[in-house]
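Protein chains in written order, with the numbering used here: chain A, 405 to 885; chain B, 335 to 574; chain C, 585 to 1286.
Don't read these hints as lab results, they were simulated from the structure.
Glycine residues also receive a C-beta, built at the ideal position from the N, C-alpha and C atoms.
Take every hint as true, because none was put in to throw you off.
Listed next, the stretches of chain C that the computed footprint assigns to chain B, with coverage defined by at least 3 CB atoms under 8 Å from CB atoms of chain B:
| hint | stretch |
| --- | --- |
| 1 | 678-692 |
| 2 | 1169-1178 |
| 3 | 1262-1276 |
Calculated Cβ distances over 12 Å to all of chain A for the following chain B residues:
| hint | residue |
| --- | --- |
| 4 | Glu395 |
| 5 | Ser428 |
| 6 | Glu429 |
| 7 | Glu469 |
| 8 | Pro477 |
| 9 | Gln495 |
| 10 | Glu502 |
| 11 | Gln540 |
| 12 | Arg546 |
| 13 | Ser547 |
| 14 | Lys550 |
| 15 | Tyr551 |
Label-pair restraints from in silico Cβ distances:
| hint | chain 1 | residue 1 | chain 2 | residue 2 | range |
| --- | --- | --- | --- | --- | --- |
| 16 | B | Tyr438 | A | Leu848 | 38 to 44 Å |
| 17 | B | Gly394 | A | Ala772 | 41 to 47 Å |
| 18 | A | Phe480 | C | Arg828 | 53 to 59 Å |
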Amino acid sequence: MAAEVKPIPNAIPSPHAAEEEDLREHLMFDPRPREEMNRMVMDSMTHTTPRYWIVVGILAVLTAVLLYGVWGYMIFTGIGISGERRPNYWGIFIVSLVFWIGISHAGTFVSAILRVFKAEFRRPFTRAAELMTTFGLAAGALWPLIHLGRVWVFYWMIPYPNARWLWPNFRSPLVWDFMAITTYLLSSTIYLYLPLLPDLAMARDRTKGWRHVVYKFLALGWRGTEAEWFRLRKAINIFAIAIIPVMFSVHTIVSWDFAVAQTGGWNSTIFGPYFIIGAILSGVSAVVTILIILRATLKNMDYFIRLEHIDALGKLLLVFSMAWAYFFFNDYMVSWYGGSEVVRTILTFHASGPSAWIWYVMLLCNVAIPWLTLWSKKLRRTPWLMLIVTLGINVGMYFERYTIIPITLGHQRMPFDWGEYTPRLPEISLALGSLCLFMLLYMLASRFIPMVPVWEVREGQEAHQLRKVGKTVVPSVSELE
Amino acid sequence: MAEETNQGVWGLVIDLNLCTGCNACVTACAMENNIPWVGEEDAGYGRSMSWINMQRYWEGEYPEVSPSYQPVMCQQCGRAPCEPVCPVFATVHSESEQINLQVYNRCIGTRYCANNCPYMARKFNWFDYAYNIPEPMNYYLNPSVTVRRRGVMEKCTFCVQRIHDGQENARAQGRAVIDGEIMTACQQACPADAIIFGDMTDPESQVSQALRSQRKYVLLEELGTQPKVTYLKGEGYYGG
Amino acid sequence: MSDSISRRRFLQLTGLGAAAAVMTGCGPASRYVVRRPYTDMPEYARLGESTYYATTCTECPAGCGMIMRTFEGRAIKAEGNPAHPVNSGKLCSRGLTAVQGLYNPDRIKGPARRAKRGEESLAPLSWDEALGEVKTALSAGVKTAFLLGLAPDHLYDLVSELAETAGTAKPVRYGALGMFEARATLVEAARQLFGEARFPFFDVAGADLVISFGANFLETWLSPVAYTRGYSQFRRSFGADKARGYFISFEARRSLTSGVADEWHPVVPGSEGLLALALANLLAERGWNLPVSSVDPAAAAEAAGISLEALTAVADRAAKAARPLFIPGGQALAHSAGLEAARSILALNLPKGTLGQSGGMSLSPAAADAASMKDVQALVDRMNAGQVETLFVHGVNPLFELPAGLNFAGALGKVKRVISFATYPDETALQADLLLPDHSALESWGYQRTLAGTAASAIAARQPVVVPLYDTRSSVDVLLSAGLLPYADEVEFIQSRLLPVLSAGGGNFDAAEIETFWARFLQYGGWWSAQGAQPAAQAAAEAAQPVQPQSLGEGKFRLVVYPTQLGDGSGANRPWLQETPNTSTTVMWNSWVEINPKTAEELGLHNDDVVLIKSDAGEVEASVYLFPAIRPDTLAIPFGQGHTALGRYAEGRGCNPAEVLAPVLNAAGDLALGDTLVSITPTGRRRPLSRYESKVGVYGEH
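This is chain A alone, in the form it adopts within the complex:
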C-alpha cells in the first residue's frame, strides 16, 4: 500500500525556499528515492571496519570473562564471593535486574505507544528501540539466574508436572516476575520481528550468499502484496496495543517484588507507577544514548537519525524526568509523613548515611541536570551534551535502584542487625559483563538487522507533504491507514 503511493513532487521553485530548506531538516520532508534508502540501509549493515571488529572482539572477550567466567566461578564457589550479607540479601544482582528490565521498557514505549499515538518522529528509530528492548531483556533475564543460590535448579520456578509433585508458589512475586519477564521477552521479540519482515525481505532481495539464505528464511516469503501489507498492519496494530499492558505489567510486577514485602521502605503502594516512570525515563535515555552513538558510528545513519529526533526525545525526557520527580516526591512525602520509625530511619540514612552520595547523585542526574539542560532547544540539539545527560540519567536510575534495594535493606527493624553493603569485585565484574553482553549483541545486530525500518520511513515521507496555504508553506500529514 505504502509502496504504491507516489511522492508528490514539490520541486516547484518557491519564494519560500528558505522556509522549505528549514523543513528539509526533517527526515519526513527530505525524501530520497526508495532504492537509495534501501541501499543506504544495506550499506550500513555490510560496511564493517577493522575498528568494528576490534571492538566486537574486545566485547566478546569481556563478556566471556567478566560475565560468564565470573558467573561460572560463582556457581562453583557460592554467592559469598559477592558482597551480599545479612541483612543486605539482595544487592547488585537485583539492582541490575531492575535496571535492565527498566531499559527494556524504552523499545516498547517508543515503538508501541508512539505508534499507537501516531507520533511521526518515531519512524526512523523504532527498530533501534525495539532491539534495545530485546537485548535489554536478554541482559536483564540473566540476573535472576545469576542471583540464585542454586541456579542449577532454577527451573523449579516453572510450573510443569514434576517428580516433586509441586507447583511453584503462585503467591510469590518472584513467580509473577518470572512469568512477566518471560511473557515480555516473547512478546517483545515478536513485536520486534513483525515490522522487520518487509525489511528482511528488502535485505533478502539485495544480498547473496549466506546472508541471502538467512534473510530468505527469516523473511517468511514476504513479497509485499496488498494482502500481506494489510495483515502485517493489522498484526502490528494489535501487537502495539497488546504489548503496552504487558510492558506496564512487567515493571509493576518487578516493583511488587518490593512493594508487597513488609520490609520498611519497600511497602509502598505507589511503587508500581513510580517504577514504570523510572523505567521509561531510563529506557528513553538509553534510546537517546544509542541513537547518538549510532548516528556517529553507523554508516548513513546521519540521514535517518537527525537532531530533530534527539530534540523530540529530549522533550520526552524532560517530561519523564518531571514525572519521575513527582513520583519520587510523592513516595518520599507519604513515607516520611507516615512517621513509621523504620521508614523514617531509612529515609534519614538515604540522605545522611555513609552512602548518601549515591542518593544525591541520583537526584542530580535524574532531576537537576535534565531540568537545567533539557529546556533549551539548543542544548537538546547538541549530541555530545545529550549523550552525557542521558548517560547520567541511567547512572541516576541505577543509583535509584541501589538506594531502594541494598541501602534500604541495610536498615530494617532490628538495629542490631543493620549492615552496610559493599559490592565486591565479582559482582561489579558481572554488572559490567552484562553491559558488555548488551553492547556486543547490539553491535552484532547492527550488522545483521536493518537498523532503520525503511518502509516506515518511506511511509512517513509519503504521508508528509508541504502545502501552500495562501503564501505560506505548511507541512501537512495525510492519514494513510
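With chain A held as given, fit chains B and C onto it using these hints.
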C-alpha cells in the same frame, strides 16, 4: 491418621528476667543443628550462621549504662512474612508442628524470605561452609539434621528433630508427650533456665503458665506476624 | 491404613522395639578400649539409635555432669546431666563444644620425639620406647617434676601418690583460670576465717541480695553453670514467698555478670577490700555485728571512685536484706592486697548467721589443693637452678597461660627432658622433647571432685564415650607402666580411690561392692551426697588492714584481664567457641582492648585502631573497642587468644595479655595481676574487629 490430630502447638518463651546473655544457647544450637562456623572475616561481615542472634543493646550513659540482651531466633510466625514470597515453597507452614519449616532441598536461594523476615532470623549459606569442615571434625555432625550446602537458606527449626523424636518415643510407649520431655537444644543448655519450650495448647504446660505472665510481649507485634516465641520482659535492668 | 503398612507405621512399630533414650553405664565397653571396624560393632551400639553416656566435662575444673549423645560410635552432642548436683542438666558454651576438641583435626595423633624444641617436625616414637623414657625419668626421683592442670583430679591424685613413692617433688597444679580467680587467695582467706582451706560456696539461689566484688560468677568464676542456675532461682519471684533477688556489682567494667546487675558501681580495681571495710563500718552502724575498722566510708568511696551516697544506699539495702551474700571475685583478689580484700569481703557474710544455710555461704567439702603462683615460681626457680631433669606437663599450657615476666620459657630451656602429655599441639608441647599424647577428655576415664559448684560432696565420673580416635594413651596408664604403684591400670586406680566413698554411703546410690558401685558410678555420672559440709566455728573476725588502691601515674591505665568463653585459652581451638560472640562486645575470633569512649576521644582513638598496650613486663597489640561500660581510667583485654600454636583455629589471632602481666605476688602467693599498670599508644594501623552487632545500629557509628 488419628494419632496426628492433636500434636500440640509448640511455643517458646524467653524470660529476659533470667537471661544473662551468656550465649550458651547460641553454641548449643550450633552444635545440635550442624550449624557451620564461617571464620573471622565472614563472621564480621554479617555472615555468621548462628540461628540465634543474641542482640545486645546499651541503655543510658556511663556510669548508668546497662546492657540489655534479647536472644532472637526464628519466631515461627503464625502468619509468616517469609512464606508467601518463596517461589518454590521452600519455606512453608507445617500442619502438624504449627511451625515454619525450611525445606532445604527445595530452596533455590532467592533470599527473598530473608529480606522479608522482620526479625533477621534467616541465615544463608554463602559458601559450602558445612562441607568444608575438615575431617574428623565433621564426625560430630548430627545425623538427625540435614547438613546444608551452599546456596540455601536456613533458620531455627524449634529443633523439629527433637519434637519428632519425643513424639515417636511417646507414641512407642503408648502415651502422650509429657510436658518438658521435648526440649530444644537452646532450652536444654540454658544455664539460667530462661528458655521454656512446650505445647501451648496444654493449659498446664510450663509454657502456657509462662504465657499468662503479665510481662509477656512479642517482637514487632504491630506487624501481625503472630510469633510463637514470646518474651517476658525483664523486671530490673530493663527499666520495667 | 488397614492392610498395608505405611512407612510411618513401620517406623512406629520399630520405635516400639527400641525403648527411649538408653543411658548405658558401661561405656564403650571395657577398660581396655580396642578399635574395631563398624562391621564388628558391640551390641550396645545399635545402628540408627543414639546411645547416651554420662561423663564429666573437663573443659574447666568445675566438674559439670555431661551426657554425651553418641551415634554409631561417634560423639554427637554434649548435653548436661540432669541428675548432677552442679549443673542439673545445663552446660555452658565450653562444655557444649567439647566434641570440637575431641574431633579437632589438629590433635596430636601419636607418641613422637621432637628433634629440636620449637620446631614442628617430629620423629615417630613407639609407645614401648616412650614408656621406657617415662620409666627412666621417674627413676630419677627428686630431679623429676610434674606440672598439672586443674583437671582431671584423678591424675593429680595419682601423681601425688607417685611423687611420694618415687620421691619426686609434689606436683604443681596450676592454670590460668585459677590465676584470674586468685583461687589460692580465696582459699587462704577462708582458712584464716574458718580454719579450713576450702573453697567457699555461695548459695545465690536462696539469697535475696547479692553483692559481688568483681566475681564473674556467670562467666568463668569457679563453677559458672552452677552459679547461673543459682542466679536463675535468685531472680525468680514466687508471689509472697519469694521476692526477686537484688544484685549489686562492684566492678571496673560492666562484664556479663555485672551486666545483669540491678546496680553497677564502676570501682577502681583494687579498692574492693577498702570498700568492704567501709561497708562493714556502715553496716556496723546499722546494727550488724562487725568489727569496726579505721576506714572512713567517704574516703573509701572516693578512693574507689564512687559516691558516698551510692555506698550508703548499698549499706542500707544490705541492712534490710534477710539473706545477703557478699562474693569476692578474682578481680577483687588478684591484687597485692587481695588477701585482705578477700577476708574483708568474706567477713561480711558472717553477721547474718546464714552460714551453711539457704542463701548463705558454706564451705566446699573437698579440700582445695590448687597451688598458687608462688609454687609455680618455686618450680621455675628449681628449673632455673638446674634441679629439674625431667618435667612432665599435663593439662596446662604454661608457656601461654603464665605471665611472660615469670620467664617460664627460659626455665624450660634448662630442663633436660620435657615430656608433654598434651592432646593438642599447644605452645608447651612445641617446646617438649617427647609428646606422649593423652586421650582427649571424652575418650578418658577419670573423676573430678566438684569443688565450688555445690555445697554437697560430689565426685563426678568421667568415662570414655567413644573409642580413642588416634594412637594416644591414657597418661595414668603411662605413668603406671613404670611399675612404681600397685595398680594394674587406670580403672583399678580410680576404683581404689572410690572405696572410701563406697564405704561412707549416703549418696545418690548404694552399692555393696566396688563392681556394682563402679557400674552405677558411671551410669549416674558420679556419686554425690545430699549433705553439705558446714563451716567450722568461725574464727574471730578481726578487721583486715585497709589498703589503698594503687595510685595511677600520668598516662597510665589500670588493666583488667578477664577470661572469656575460651577459658584458660585451651578453648581457642574450638571453632564454635571462637565464633560464639563475646556477650559484652559481640566480637568473634579475636582480641580487643576495651576503652571508655570518652578516654578514647581524649586520646584520639577510634574503633578498630590498633594500639600498643605496654606495661613494665611487656607489650601487646590489639584493636580498640569503644566500650561504653568501663571506667575511663581502666582498660580491659580478654584472655584466651594470641596463640602461637594450638592448631589452625587458634594460631595467629589476637594477643595474649599474659605478656603484660608482671610476676608480682600477693600475700597468698597469687599473681597480683590487677595491679598491672599500662600505657596505651596508637600504632597508626587499623584492624577491624569481627563484630556480631551492627556498629551503626547499636552505637550510631559507621
